[in-house]
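Asks: Chains B, C, D and E: place on chain A using the hints.
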Amino acid sequence: MLSQLPQPLVTQPSTWIALAPVVILATTAFLLFIADSIDPKGSNNGPLAAFSLVGILGTLGVTVWYFFAGVGQPEGLSLLADQVVVDGMSLFFTFVVTSVAALVVVGSYDYLHDQPHQGEFYSLIVLATTGMALMANANSLITAFIAIELASLSSFALVAFLKHNRGSVEAGLKYFLIGALSSAILVYGISLVYATTGSLQLDAVAAGVAETDNVGLLGVGVLMIVGGVAYKTASVPFHFWAPEAYEGAPAPVSAFLSSASKAAGFVIAFRVFVEAFPLDVVVALGIDWVLIFQVLAVVTMIVGNFAAAMQENVKRMLAYSSVGHAGYVLIGLAALGGGQDSLVMGAAMMHLLVYGFMNTGAFLFVALAEYRGIGRTFEDYNGMWRQAPIASVAMTVFLFSLAGLPIGGGFLSKYVLFTAAVGAGVWWLAAVGALTSALSLFYYSRLVKAIWIEDPIREFDVARQPVGLYVAIIAAGLMTVALLPAFPVVDLAQTAAASLLA
Amino acid sequence: MLIETLIAVTFVAALAVFITPEAYAPQVAFALSLLPLVGSLYMWTGFDASGNALLEGSTVAFETQTQWIGFEPYAINWHVGLDGVSFPLLVLTTVLVPLAIMSAWTPITERVSQFYGLILFMEASLIGVFTALDFFVWFVFWEAVLIPMYLLIGVWGGPRRKYAAIKFFVYTNVASLVMFIGFIALVFGLGDSVTSFGMPEITQALHDGELGGFAGLTSDALALAAFIAIFFGFAVKVPIFPVHTWLPDAHVEAPTPVSVLLAGVLLKMGTYALLRFNFTMLYDVAATLAIPIAALGVFSVIYGAMLALAQQDLKRIVAYSSISSMGYVILGLVAFTVYGIGGATFQMVAHGLISGLMFMAVGVIYNATHTRMVGDISGIADRMPITVGILIAAAFGYMGLPLMAGFAGEFMIFLGAFQSTVLPSAPIFTAIAMFGIVIVAGYLLFAMQRTLFGQFRLETDYEVTRAPLHDVAPLFVLIGLIILLGVDPDIFFTMIQDAVDPIVELGGDA
Amino acid sequence: MIAPTQLLVPVEWYLVLSAGVFCIGLFGVLTRRNALMFLISVELMLNAANINFVAFSLQWGNLTGQTFALFVMALAAAEVAIGIGIILVLYRNFRGIDVTEATTMRW
Amino acid sequence: MSTWIAVGALAVVGVAIPLGMMAVSALLRPTVPEQGKSSIYESGEIPTGTTRIRFNIQYYMVALLFLVFDIETIFIFPWVLIYSDAVAQVGLLHALGPMLVFIAVLVAALIWAWRTGVVQWIKSPEATKRSRLQ
Amino acid sequence: MVGLLPLQDVVLPDRIADLTGLDQFGVFGEFIAALLAAFVIANLMLAMSGVAGPWAKRKITAAFTDRIAVNRHGPAGILIIPAASVQLLAKELIIPDGADRPAYDLAPLIIASSAMLGFAVIPMGNGIHLADPETGLVLVFAIASIASLGLTTAGYASNNKYSMLGGLRAVAQNIAYEIPLIVTAASVVIFAGTLQMSEIVAAQAQPLATVAGVGIPSWYAFVNPFAFVLFMVANMAEVGRNPFDVPEAPTEIIAGYQTEYSSVYFVLIYLGEFLHIFLGAAIVTTLFLGGPAGPVLPGIVWFIIKIWAIFLFTQWARSALPRVRIDQLIEIGWKGMLVLSFANLVLTAIIVGVFIA
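Protein chains in written order, with the working numbering: chain A, 1 to 502; chain B, 1001 to 1510; chain C, 2001 to 2107; chain D, 3001 to 3134; chain E, 4001 to 4357.
A short, non-exhaustive set of chain E residues, derived as facing chain D with CB atoms under 10 Å:
{"hint": "1", "residue": "Pro4013"}
{"hint": "2", "residue": "Ala4038"}
{"hint": "3", "residue": "Val4086"}
{"hint": "4", "residue": "Lys4091"}
{"hint": "5", "residue": "Gly4098"}
{"hint": "6", "residue": "Ala4099"}
{"hint": "7", "residue": "Ile4111"}
{"hint": "8", "residue": "Ser4114"}
{"hint": "9", "residue": "Glu4134"}
{"hint": "10", "residue": "Ala4185"}
{"hint": "11", "residue": "Val4188"}
{"hint": "12", "residue": "Ala4192"}
{"hint": "13", "residue": "Leu4195"}
{"hint": "14", "residue": "Val4264"}
{"hint": "15", "residue": "Tyr4265"}
{"hint": "16", "residue": "Ile4330"}
Keep in mind the hints are simulated off the structure, nothing from the lab. Predicted, not measured: the structure shown is a model, and the values here were computed from it. Heads up, the beta-carbon is just placed ideally off N, CA and C, and yes, glycines get one too.
Looking at chain A on its own, in the form it has when it is part of the complex (with noise of 0.2 Å):
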C-alpha cells in the first residue's frame, strides 16, 4: 500500500537548514503568537517590537551569508521533494522582503504604542514575511499557492487592523474581497494546468506543457495564473485594491504590502512563467505570456502613473504610483525573450530592491504624519520639514529616487531596466517607461514642494517624538542613497535571474 512512500526529506536537519530564513521567521512568528497568549492583555510592544526585530534580522543575516556563501548557486537545492528550492534568486528576494519588514517593524514600534491587539500585529507581521520568503522558495504551484495564502491571509488582517476606523475596515474589506475572488481564479488557473500537464511541481509541468494536446485549456489556465500574479504584484487591472487597502491601512502595513508583498508576487511570477512555461514551448503553441506581460506592462505603467498624477491624498498618490512601479517591473517578464533575458530579468529583481527601501520609506513618512495627526492631502503636507526635518530630507531622497532623479539607487535601477529592454528589442516598453516617470516626477516634487516650500495651514504640537520611525526611516534613505554606489549588487541579481533561466 505504501510501498513508496517517500523518503524523509522532512525531517533531514539539511533540508531545514537550508531553508533557516523561513524556518526563522516560522519560529519567530510563532513564539511572538505564544508570548502573546502569555500576556494578551499587556502591552509589551517595546520587548515584541524587539523580538519580531531580532527574529526578522537574524533572516536577514543568514539571507546574506547563505547568499555569499553561495547556497544553492548556481544549481538550485531543490528541497521537500522538490517542492521548495534554495537558490540566489530565493536568498535575493528573502532579502527583499525582510528588510522591508525590518523597517515596517521599526516603525510600527511608534504606530502602535496606544493600540491594542500588539502582540498580534507583529506576528502577522512576521508571519505574512515568511509567507512572502516562502513565495520566494517556491518550486510548485501549490508550495507558491499555500505561500500567497499565508502572506495574503496575514495581510488582510493587517490592513484591517484599526478596526474601529472605518477606513481600516474599508481597506481591509476591498482588500480581501479582491483577494479572494483573484486567488479563486488563481487556483482555478493552476487547476487548469494541473488538467492539462499532470503535475504541479514546475519543471513537471514544464514537461506536461510540452507534451500536453490540450492548449486552449492550458492557455485559460495561464491566463488565470497571469490573473493572480496581476493581483498580488497590484497591476492593471487587478489593481483596484491597491489605491483602497493602502490608503485605508495602517501606513506601516501600507509599506509593507507595496514593497515586500508586491516583490513576492514578482518572484513568483518570475519563477513560474520562466521555469513552468518556458518560453520556447509555449510560444510553439500558441501561449504567448511575454505579450500579455507587455500589454499589462504598459497599461499599468500609463495608469498608474496618470492617476497618481490626478490625487489629493498623498499615501493614494504613493499608492498609485506603486502601480506605476509594478508596470516597470512587469518590464523584467514582459521583455523576455529578446536575448537579453538575464539582464532583464536582474534589473527588474534590482528595481524591486531599491524600491523596497525607497517605498518602505515614504509610506513610513506617511506613518509620521499620521502619527502626528496630519491630515491626508497635500495641502496637509505644507511646511512638513518644521516637524520632521531629517525625515524630511530622507523623505525628499525617496520621492526623487522614485521618481528616477540620480540621487538614489532609483535611478540606476530603472535605467538599467530600460536599457535592458531597449536592448532585448523592446524599445517601446522603455519608451513609456521613460516617459511616465518623467510624468511621475511631476506628482512626486508635488509633495516635495508641500513638505519644504508651502507654509504650514496649522501649527502641530509635538508631543512626543517617535524614534521608532525615525530610525526606520532614516536607515530606509541611507539604503536609497548607498544602494547608488553600492550598486555593483546588480551583479548579484543577474546571477540569481541567470541561474534561473538557464
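Replies: Using the frame of chain A, we list chains B, C, D and E on its own:
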C-alpha cells in the same frame, strides 16, 4: 584623489551646515565654502593638463578612474579629471559660491542653515559636473544640481516662487530626460565598440566612425537625432530661444545669491555640456548644422537684448541680457576656430563673473529699497554711491568695455566667428551678433540713466542708506576679478586654448 | 500510488461541471452586494477548482491534485475565517454588510 | 462503483420515507384556521419584538474557531492512515515529528484563543456581579 | 488500498443483485438492487428508532422517576407507539407566523434524512452492510454533522426566539464537540490504518490477550479505553443528550428548535433525533466495540445488542445526570475535550510508534 576630496569636503560641509544652528550658519557656511576655493586654487598650482580630456593624446589633470558598476554591456566607471575647458569653470564655481554666500547674509533670514546647506550641496554637485569624465557620473551630478536649485528658488524666492520653481524643475528635467535618451541611443548605436560610458572612449569611438544604426535609424540619422536630442537638452539649460522661458521667471523669483549662482554657474553647465557633447563628440554633425545653430545663437542675442530693452525690473533686464550673452557663446562654439571656441569658453567664465556681479549689485540695492523697478529707484546713486558705481562698472563690463573680462570674451568670439570656415557666411552672422552689442549698450545705459540718477523719490518708512560691508565686499572682489581677467586673459586663455586646439583641428577643416 | 483509473464519467464532464460551478461563483461575485453572499460565491469558485483537482488526480493517477484539494479546502476555511472577521468589524463600523456602502474613500 | 450507487440509493430512500410520511400526514390531517393559533410561542404571552435579535457574539467566535480547527483535522487523517506503515519504513521520528509540530501549532492557537477569551462565554454584568458576591 | 485484505463479506446490494439476477442490467440493475437494500436497512433502523427507541425511553424514564409508564395498549404498552404515530400524523400542522417557509419545511427533512443516510456505511453483520467505501469513517462523520445544519435551519425558520437560541446552541455544541470526536476517531485509525468500516471491524477481530482461557478481542475500547471514554462523551454531546441537551433544554428554552413544530414535522424531528442517537451508537460500536463481532450469536444480533447497550446508557444518562449550562458546555468542549483529544492522539501515536519501532 584631489577631486574626490574636493567633492567630499564640500558635501560634508553641506551636511555640517545643514545641522548648524541658525545663528551661526552664515558664518560657518562662508568659512566652509572657502575650503573648496582653497582646494581649487591649490589644484591650480599642480595643474598639468594638456590637450582636451575627451580626445586622445591629452594629459588629464588629477585623473582617477576605477570601475563602479560593471554590468553588461556598458560599464560605469568613476572617472574624473580636469582639462583646460573644465578647470576655469571649476575655479569660477568655487569663487562664486563663497561670494554668493556672503551676499546672502542680508537677504536670507529664514531657514538659514538649510539655505546654506543647499548652496554647498549644489556646489559639490557642480564640482562633480565640471570634473566628471564618465557620462553616468556626470549625469548623476547634473541632476543632483537641480534639486537644491529647485528648493532654493521654491523656498526662498519671491512672491511667485512656487510657479517659478516648478517651471524650472519641469523644464530642466524634461530636457535632461530627452538628452539622456538621446545619449543612450547614441551609445547603443556604438554597439560593441565601447565597453563603458567613459566620455573619452565614446568620443573616440564616434570619431572612428563606429556608430551603427539603432532602432531602425541609420547611423547618420541616429547621429542627427541624438545630436538634436542632446542639443535640445542643453539648450534648455543655456538657455537658447525658444526654450528660454523658464529663465526670467526663475531669475526674478530667486533670491539674489541664488540668481548669482544660477546665472553665474548653472547656465554654464549648459554651454559646457554643449561644448563637450555636441561640439566635441559630434563635431561633424555640429558642423553640418552650423547655420541653424548659429542662427539660433544670433537670434538669442538679438531677441534677448530686445526683450531686455522692454523690461522694467532690473533683475529681469539682467536675466534677459544673460540670454543674449549666451547667444554669443553659441556663436563662438559653432565657429570652430580657436578664438571662437576658446573665446566662448572664456566668455563663460567672464559672463559668470559679470552677471554674478550685476545680480549681486541689484540685490544690494533691493536689500535697501525692497524694489527693483526701474522707475522706483531713480536717484539711488545719491544714497548708495559705491554700490551704484560698481553696478555701472559691471554694466560697462557687460557692454564689453576694454580691459574688462567681457571685452576679452566677446572680442575673441567675434574674431573667431568672423574667421570661421565651418560656418558659411560667418561675417554676416558676426555682424548681426555685433549689432546685439549696440542694443545691450542701449538698454543698459537707458536703464542706468533711468534708474540710478536723478531725484531720489522712493518713499520708505526707513532710511535708505549705504549697504553693509559684507554686502559690498563681494562686489569689490568680483569687479577686481573681472578687471584682472580683462587685463590678462591669458590667466585662463592659455589653458583654454590648449584644450580647444584639438577640437578645432577636428572640425576646422570639415 | 493510484493507477490511472478509468473514470465512470468522462473527464470532460468534470471540466464542464467545474466550469459551470466556477461561472456561477463568478456571477455571484459580480452581482451580489452582500459580503456574505460574496464569500459564498468565492467558495463556489474554489470548489470548482477542487473538482478539477480531484477529477484529474484520478485521471493522471497521481495524488498531487488530491493533496492540493485538501490544501485548498483548508485555505478556503482560513479565508472564510478572516473574511467573517472583517465582515463583523464592517458591520460594527457601517451598520451593514453591503459591500458597496463602505465608501469612506474615494473610489 | 456500486458503493456510491448504494449510498445514493439510501439517500433516495432516506428522503423518500420522510416525504412519504409528510404526504400521508397531508392526507390525514385537518386544517382549521383559527385566530391566534399560528402566533409564535412565547410562554403564552403575546410575542414582543422581532425574532432577529442580536445574540451573543461568542457564537461567531466559536464558529470561526471551529472552522479552522475542523479543517485542520483533514490533515490529521491522511497522517493517521499511513502512520503505522510510515513508522515501519522511515522510523518513529520522521513519521511523528512533523505531525507533532503541526499539532503544536494547533494547540498554540487553541491556547491563544483560550487566553484571549475567544472561548470565554461572555457573562452579563449581572452574572459577574453575582459571581463576585459568592 | 483495494486488495490488501479480502472483503469479509459481500455488501448487501451485491448480494441482492446476485439473488435477484439484477446484476445483468448494468448500472440500472445495480441501482434497483441498491434501492432494495437501502429500503431494508432504512426500515430496520426505523423500526428500532421509531418504535422501540421511544418506547424504551418512556419505560426507562418512568423507572428512574419511580412511576409507571405506557402499560395500557398491547403487551407492555408497546402499541402506544403506533397509536401515537397515527395521532401525530393526523394532527393539524400549525405554521407559526413569519416562518421562513421553505427553510421551515426543509429542516425536518434534513434532520431525518441525514441521520438515516449515515447508516449507509455501517457494517451490521451478516452482510447487512449497504456500502463499504474506502472513506467510510470520514463519510459517516460528514453525514452525521449535516444534522446540525437541520437544527439551525429549524431554529432560524421558526421565527421564535426560543427556537433561534436552540438552533444556535445546537450549532455551538455540535462544533465544539465535533473536533474532539473526530480527533479521537483519528487516534483509533492509527491502529487500524484504514478508514474503511469493514476493515476497522476486521482489525478488531485479532485477539488482544487471553485471560483465564477466554480470548479477549482487540476491540479498541479495550486497546484504548481513554479514547473510548472521550468518544462516548463527545458522542453524547453530538447527539444532544444529557448532560449535553442544552439545545433542547425544555426548562430553559422550551425544547429549543422544535418549539414551533407540530404534526408530521415534529415526528420527523423526533425520529431524526432517535436515528441520530442510534447512528452515534453504531459509530461507537463499529469503532470501539468490534462492530457486529461476538461469539455464538449472529453478527446482526450482536450489533443490535451493542447499539442498544449504548442507547440504554444514553437514556440512563438522560435521567441520571444534570444538564450543564451553555457556558460550561463550551468550556468543557474547547478547554477540556479538545485538549484531551489532542493529548490522546499524540500519546497514542507515540505509544503505537514505539511499539512498532
